[in-house]
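On the provided structure of chain A, position chain B as indicated by the hints.
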Amino acid sequence: MTAQYVPQLINLCATVILLLSFAMISQRRIVSLINLFTLQGLALVIASVLLGYATHQNELYVSAALTLVLKVVLIPWLLHTVIRRLNVRWDVETLINIPTTMLVGIALVIFSFSLALPVSQLSKSIAGGSLGIALACVLLSFLMMITRSKAVPQVIGFLSIENGLIFAATTVTNGMPMIVEIGVALDVLVGVLILGVFLFQIREQFDSLDIRHLESLKED
Amino acid sequence: MSLLGLFSQLMAILAALLLAPLLSGWVNQWRARLQNKSAPGLLQPYRVLRKLFHKESVLAEQASMLFRLVPYVSFGCMVLACAIVPTLSTDLPLSPAADAMALVGLFALARVFVSLAAMDVGTAFGGLGARRDMLVGFLAEPALLMVLFCASMISKSTSLTTIVETLAHRELAIYPSLLVAGVAFTMVSLAENARVPVDNPETHLELTMIHEALILEYSGRHLALLEWAASLKLFAYSCIGLALFFPWGVAEADAPLALIMALPVLVIKLAIGGVLLALVETLSAKMRIFRVPEFLATAFLLAVIGLLVNILLGVG
Numbered sequence: 012m013t014a015q016y017v018p019q020l021i022n023l024c025a026t027v028i029l030l031l032s033f034a035m036i037s038q039r040r041i042v043s044l045i046n047l048f049t050l051q052g053l054a055l056v057i058a059s060v061l062l063g064y065a066t067h068q069n070e071l072y073v074s075a076a077l078t079l080v081l082k083v084v085l086i087p088w089l090l091h092t093v094i095r096r097l098n099v100r101w102d103v104e105t106l107i108n109i110p111t112t113m114l115v116g117i118a119l120v121i122f123s124f125s126l127a128l129p130v131s132q133l134s135k136s137i138a139g140g141s142l143g144i145a146l147a148c149v150l151l152s153f154l155m156m157i158t159r160s161k162a163v164p165q166v167i168g169f170l171s172i173e174n175g176l177i178f179a180a181t182t183v184t185n186g187m188p189m190i191v192e193i194g195v196a197l198d199v200l201v202g203v204l205i206l207g208v209f210l211f212q213i214r215e216q217f218d219s220l221d222i223r224h225l226e227s228l229k230e231d
Numbered sequence: 000m001s002l003l004g005l006f007s008q009l010m011a012i013l014a015a016l017l018l019a020p021l022l023s024g025w026v027n028q029w030r031a032r033l034q035n036k037s038a039p040g041l042l043q044p045y046r047v048l049r050k051l052f053h054k055e056s057v058l059a060e061q062a063s064m065l066f067r068l069v070p071y072v073s074f075g076c077m078v079l080a081c082a083i084v085p086t087l088s089t090d091l092p093l094s095p096a097a098d099a100m101a102l103v104g105l106f107a108l109a110r111v112f113v114s115l116a117a118m119d120v121g122t123a124f125g126g127l128g129a130r131r132d133m134l135v136g137f138l139a140e141p142a143l144l145m146v147l148f149c150a151s152m153i154s155k156s157t158s159l160t161t162i163v164e165t166l167a168h169r170e171l172a173i174y175p176s177l178l179v180a181g182v183a184f185t186m187v188s189l190a191e192n193a194r195v196p197v198d199n200p201e202t203h204l205e206l207t208m209i210h211e212a213l214i215l216e217y218s219g220r221h222l223a224l225l226e227w228a229a230s231l232k233l234f235a236y237s238c239i240g241l242a243l244f245f246p247w248g249v250a251e252a253d254a255p256l257a258l259i260m261a262l263p264v265l266v267i268k269l270a271i272g273g274v275l276l277a278l279v280e281t282l283s284a285k286m287r288i289f290r291v292p293e294f295l296a297t298a299f300l301l302a303v304i305g306l307l308v309n310i311l312l313g314v315g
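Residue numbers (the working numbering), protein chains in the order written: chain A, 12 to 231; chain B, 0 to 315.
Among the hints, a few may not be true.
What follows is a list of derived Cβ distance ranges for each label pair [said to hold, decoys possible]:
no., chain 1, residue 1, chain 2, residue 2, range
1, B, F289, A, H67, 50 to 58 Å
2, B, W247, A, L106, 39 to 47 Å
3, B, I259, A, I107, 54 to 62 Å
4, B, K285, A, I107, 44 to 52 Å
5, A, Q132, B, I259, 45 to 53 Å
6, B, L42, A, I107, 21 to 29 Å
7, B, L42, A, Q132, 52 to 60 Å
8, B, P92, A, T184, 28 to 36 Å
Calculated from the structure, these hints are not laboratory results. No experiment lies behind these values; they were computed from the predicted model shown. For each residue, glycine too, the CB sits at the ideal point set by N, CA and C.
Extracted from the complex, chain A is given alone in its bound form (with noise of 0.2 Å):
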């Protein structure tokens, strides 16, 4: 592989986060969408290769197993043991219709590309035209979790939205310190845990994961 690919690589590695992010926002079914979730980490593990194989940092191979350990094997599969067991496997659930979110979607993206055009033009890193991207995956996973009512994928939202900064952080400034990453690692990791004890308590007060029955204070 030619040292001029790599970047070019990175850019396709970034419009698949990008793709898989609105994959996300249009897909109804729980299973798919945490698959989804594992893919797109994948992708995030790819780009930090790649990343690192160009600028020579070891940190980012470093922080490229991190993610794959923790996105695209551990927290998938405590994912799918929470829904095998509460048994939401294959729920279906929309809160405003999917082509109304996609086109919301769609404005988002717009207003991340040009906000993150100037702002990319001073980076110096290889990869930092992905800023962009980065931005929209952040904001479109905001928007998954605003517009779904069920809590796992809110969770998967939460997730991605962390995969959207790891991807800023590491596009257009190479990676951020290590001692941080392995902190955000591990945040995230507690995070799902305790997301999953939320969920089984959700479940537990009111037989269902819908988070609208958290809007009222009092059981009346």
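Frame of chain A, contents of chain B only:
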């Protein structure tokens, strides 16, 4: 217009006319095989065409001139579409006549005429099929245009030959925007060619058929021409896909020898594409007609994202 250009143009049209039924047969064969059925012969579409050409053409009593004219219009549109898509060579004298936008217009022209003919005889199925087909068509068209614009933005031209020349004969570069556009194009071509997630090409079930409902009233040579036009459309779409996303192996203007090589390359690419199409059709379930707008809106949005990514990341 050079003699060689004329020759390659004729070759392209001949190849399209002869290979299109073969491609349909190939896809049908693989579909049957993947579904554990005994497959029809590879040459079955030719046999069907021959049978239909030998049969008498029965017309409805109320059928107007339009009804008789439409098979020829549709067939002509598809032949012209196949002629301007660079399949074997980019040296096509007919190509300046129509660019990417006119190509989309050609497909639309054929669609409008077939829909008019379906409504002409006044059967219930005809009107139903025509309405459904227009529903699919008016959503698929903008998506197809956006996909073609993605490629146009890279090559700075809407002429299909220039697009293929730019994409095929420059230094290899990875275009992320073309990846997104490729996904969108796959979705559009499934819808436009009445393939499984949108329509089943083999069904005659009243509730679901779209394309078959349109041509239900036709028989004999008219039906043969329409069937041939349908397979030419599949061929044209496959070739547009190959030209935009896998353009290697298409001969240049000043390379007569490459023209000989181009044919086997095209056949191999089409064969692989046909197997993939059969695989997609086998793996996906047909969706409700009211899900189709959502499906095509997704394709359109993906193509728009392709354009945006192209602006953000620049060329290469």
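Item to complete: Of all the hints given earlier, name the ones this structure violates by number, lowest first.
Response: 4, 6 and 8
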